[in-house]
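Peer 1: Now for the letters of each chain:
Protein chains: 2
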Amino acid sequence: MTIGIGLLGLGTVGAGVAAILASPEGRHPLVAELELRRVAVRDLSRPRPLQLAAELLSTSPEAVVDDPAVEIVVEVMGGLEPARSLILRAIAAGKPVVTANKAVIARFGEEIAAAAAAKGVYVLIEAAVGGGIPIIEPLKQSLGGNRIQRVSGIINGTTNYILSRMADEGAAYADVLADAQRLGYAEADPAADVQGGDAADKIAILAGLAYGGPVPRAGIATEGIDRLDARDVAYAAQLGFVVKLVATAERLGSGAPAPGEPISLDVRVHPTLLPKQHPLAGVHGVNNAILVEGDPVGQVMFYGPGAGAGPTASAVVADILNIAGIRQVGGSEAGLDPLLAASSWRQCELVDGSSSRHRNYVRLHTRDEAGVIGRIGSCFGAAGVSIQSIVQFEARDGEAEAEASSAEGSAEGSAGAKAEIVVITHEVQEDQFRQALAAIANLSDVTKVAACLRTL
Amino acid sequence: MTIGIGLLGLGTVGAGVAAILASPEGRHPLVAELELRRVAVRDLSRPRPLQLAAELLSTSPEAVVDDPAVEIVVEVMGGLEPARSLILRAIAAGKPVVTANKAVIARFGEEIAAAAAAKGVYVLIEAAVGGGIPIIEPLKQSLGGNRIQRVSGIINGTTNYILSRMADEGAAYADVLADAQRLGYAEADPAADVQGGDAADKIAILAGLAYGGPVPRAGIATEGIDRLDARDVAYAAQLGFVVKLVATAERLGSGAPAPGEPISLDVRVHPTLLPKQHPLAGVHGVNNAILVEGDPVGQVMFYGPGAGAGPTASAVVADILNIAGIRQVGGSEAGLDPLLAASSWRQCELVDGSSSRHRNYVRLHTRDEAGVIGRIGSCFGAAGVSIQSIVQFEARDGEAEAEASSAEGSAEGSAGAKAEIVVITHEVQEDQFRQALAAIANLSDVTKVAACLRTL
Chain A
1 MTIGIGLLGL GTVGAGVAAI LASPEGRHPL VAELELRRVA VRDLSRPRPL
51 QLAAELLSTS PEAVVDDPAV EIVVEVMGGL EPARSLILRA IAAGKPVVTA
101 NKAVIARFGE EIAAAAAAKG VYVLIEAAVG GGIPIIEPLK QSLGGNRIQR
151 VSGIINGTTN YILSRMADEG AAYADVLADA QRLGYAEADP AADVQGGDAA
201 DKIAILAGLA YGGPVPRAGI ATEGIDRLDA RDVAYAAQLG FVVKLVATAE
251 RLGSGAPAPG EPISLDVRVH PTLLPKQHPL AGVHGVNNAI LVEGDPVGQV
301 MFYGPGAGAG PTASAVVADI LNIAGIRQVG GSEAGLDPLL AASSWRQCEL
351 VDGSSSRHRN YVRLHTRDEA GVIGRIGSCF GAAGVSIQSI VQFEARDGEA
401 EAEASSAEGS AEGSAGAKAE IVVITHEVQE DQFRQALAAI ANLSDVTKVA
451 ACLRTL
Chain B
1 MTIGIGLLGL GTVGAGVAAI LASPEGRHPL VAELELRRVA VRDLSRPRPL
51 QLAAELLSTS PEAVVDDPAV EIVVEVMGGL EPARSLILRA IAAGKPVVTA
101 NKAVIARFGE EIAAAAAAKG VYVLIEAAVG GGIPIIEPLK QSLGGNRIQR
151 VSGIINGTTN YILSRMADEG AAYADVLADA QRLGYAEADP AADVQGGDAA
201 DKIAILAGLA YGGPVPRAGI ATEGIDRLDA RDVAYAAQLG FVVKLVATAE
251 RLGSGAPAPG EPISLDVRVH PTLLPKQHPL AGVHGVNNAI LVEGDPVGQV
301 MFYGPGAGAG PTASAVVADI LNIAGIRQVG GSEAGLDPLL AASSWRQCEL
351 VDGSSSRHRN YVRLHTRDEA GVIGRIGSCF GAAGVSIQSI VQFEARDGEA
401 EAEASSAEGS AEGSAGAKAE IVVITHEVQE DQFRQALAAI ANLSDVTKVA
451 ACLRTL
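Residue numbers (the working numbering), protein chains in the order written: chain A, 1 to 456; chain B, 1 to 456.
Since the hints were derived computationally from the structure, they do not count as laboratory data. Hints may be right or wrong, so weigh each one.
What the hints assert, rightly or not - Derived, one-sided and incomplete: chain A residues facing chain B with beta-carbon distance under 7 Å:
| # | residue |
| --- | --- |
| 1 | Ile133 |
| 2 | Arg147 |
| 3 | Gln149 |
| 4 | Ile326 |
What the hints assert, rightly or not - Every beta carbon over 10 Å from chain B, so not counted as near; a handful from chain A, in silico:
| # | residue |
| --- | --- |
| 5 | Ala113 |
| 6 | Ala178 |
| 7 | Gly184 |
| 8 | Ala188 |
| 9 | Ala237 |
| 10 | Arg367 |
| 11 | Gly384 |
Glycine is no exception: its CB is placed at the ideal position from the N, C-alpha and C atoms.
One chain only, chain A, in its complex shape (with noise of 0.2 Å):
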């Protein structure tokens, strides 16, 4: 009994999806009972490496959403609008939907999942992070008996491209950017993924289904790599560390909340220093890899290539099989299994990070004079902040000095202003360490608060 398909789209995930498809033979046999009966396009003259006949196309994705001969609707268009409204009405009409539409998720997927939830439908979304890697399923239906510590990811290719070849090269961001630009790693408005708002959409889905409820995208904090400094990634490496875009959600306190009480969650997106022998540190290049920690599992982490037609094309079907599977479990008016449908069970609420406890990295602009290391030590001690290490690197190249003199201008005297000094903390409480810094940064020694990075 086959299964009629359409799919909204056709750029690289949707032709990849079609290519599957089309060639069922050595994959999983209910591929092969997966039929294409209507694709949507925006342009029918458009070449296309894939062949594809002339019938099953449409410019018009609702016309694929309405078609009786469409079973299950796969949304590979990308976008904010129209995709939401073209998510709804195949929810509507009573139609499961498979996206990889990390964006719409992220925003509105309460919206969705109400709709889904009311109308007995999946919506399933494994290509919408960390692209050919299984990790949603495997959160949804592999880590059910574990309460959840931590989610924490490379989830952005694009940047992880750019820091691999920053910490490999020494190369300047913006360098990197550029030539990421031309080979087609980076897109020529880089911005989403440079500014780590790709990213945060991810962690607010892995964050969503790892603790079991909606996690406002907006109250994430977001830092990208866009001001990164190609001197913190080298210090970085000489201390026994890598730099990474990391997305964090982790649950603070512990115990259950009080009944009817949302639990907290602190999620980010920044850079963060990764000691080398980390799990994560290991991730070069495009690559993705998201590790989840749960009692009583431990560590366990998901690692693979974060984008590309095949891997999410890979993801998309694995989704489109599911449902196809779960069909052959109940007739018409079968319930919903409540792990493959993810429906929500708690509330989260996201709380500012001061109580989170981590590492730091900071680079500090002194001036090159005795006892500068010992009143900066002396600062973080008055403040009940150990030290892991304190390194004065050489004096600061050109670049710096001129930074330097025209950052703080004359009045700290610039041309005293020559050492550069990096500490890395032990684990602290956020706001402790923020009262520590805020006295060092008060010092006549120091010129500048040049770089602080979270450190795990």
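Position chain B relative to chain A; hints supplied.
Peer 2: Here is chain B on its own, set in the frame of chain A:
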């Protein structure tokens, strides 16, 4: 509506499962619907860390299976019998089974799967491979759109712990094994681990799922780490490799086989050199990782704790939740989800690896004479085997000297046998390599082929 669970075995894993069921708060809400109704133990009087009502316990596993209040049977007793019979008994009673028993599944998986299919019940085995790592479910439910080329993994924690310490400390196998036994990382009888049998059980299971048909356990070429020389670990490190016990299942040939014809698999377990940047190379200590390579997904890897009460219990509970979840879809006459049931859909045949292609590491004892390297190189060249590196290490120490003279006897003239030469070949077909190696072993300069290891 609660679901009755019957537990066969209350050892480390069984107690871990009971602990999760006893404290559902903060876990998926479906956990709260699972009720532990009967537990089979060997000895009622044994003190246990976990408090269970006395009336739950029974010394008769058959009584637990047969109890009408038990709806899902969880087998965590281990061993071949009575585990196999009890699993079949549960299936015959129409009860789904969750088992962590890789030995039973690797040997009797076909019999169990046939019985389960006939009765229309699920037998789920997430905990049988990779401890807490979700790998069985992703293979079944997230990668079905792919043609799998290779599954390779570090799937035995004991040997990985030993190899990690051999590499870090330069220690000998026997010394680390003794210490691992003292620390509880290796069993008093370590044979199943160190000789590779446990890894062979697990790769048989993974290959069966990845390729959609049962893999004959007895046909898996298996070599353990018990004859691995510490010097090969050390030389490998100097050449940029780590030595791991890798289990691999690889499809030979490509394209669809003729209808009714099996696909050809090369399935093996042996110590393997991995380049230091290989994704599996960074897996240390008792951790496990499984790398799946498919078209179009590329390489995805699953990493985490390969054993232990908590991780394994997490996997067992995941399976129980999946059965509980899918029960909500259909009534009593519901069909099986073909993905979750993982029914086999083609035949697999094991072939000898003579046509497989890979790199090789060879360590030779030779006379320390001019021209030896040239003559070795010529032998490889004559057989069409190209060489990546050929390195002469320092003259052997006393131990190797003694080994050389006792093993080769006086005919070789051990007095002149002083050099140790390590060759890494480029990728070459196995039978071609064997031919070259036979010619080299016959060279008068070569006193012994001291080690030969496959290299990825």
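Peer 1: All the hints need checking, so say for each whether the structure fits it.
Peer 2: Evaluation of the provided hints:
Taken as an interface hint, Ile133 of chain A checks out: its beta carbon lies about 5 Å from the nearest beta carbon of chain B, inside 7 Å. A cut of 7 Å between beta carbons decides the hint on Arg147 of chain A: the least distance to chain B is about 4 Å, and the hint holds. Hint status for Gln149 of chain A: violated, given a least beta-carbon distance of 10 Å to chain B, over 7 Å. At about 5 Å, the closest approach between the beta carbon of Ile326 of chain A and any beta carbon in chain B falls short of 7 Å, and the interface hint on this residue holds.
In this structure Ala113 of chain A is separated from chain B by more than 10 Å, as the shortest Cβ-Cβ distance comes to about 16 Å. Interface exclusion of Ala178 of chain A from chain B stands, the closest Cβ pair being 26 Å apart, more than 10 Å. The claim that Gly184 of chain A is not at the interface with chain B holds, since no C-beta of that chain comes within 10 Å of its own (minimum 17 Å). The beta carbon of Ala188 of chain A is kept farther than 10 Å from every beta carbon of chain B, the shortest such distance being approximately 26 Å.
Every C-beta of chain B lies more than 10 Å from that of Ala237 of chain A, the closest at about 16 Å, which supports listing it as non-interface. Here Arg367 of chain A stays apart from chain B, with its beta-carbon at least about 42 Å from theirs, past the 10 Å limit. For Gly384 of chain A, the requirement that its beta carbon stay farther than 10 Å from each beta carbon of chain B is met, with the minimum near 31 Å.
When each numbered hint is compared with the structure, a violation occurs for hint 3 only.
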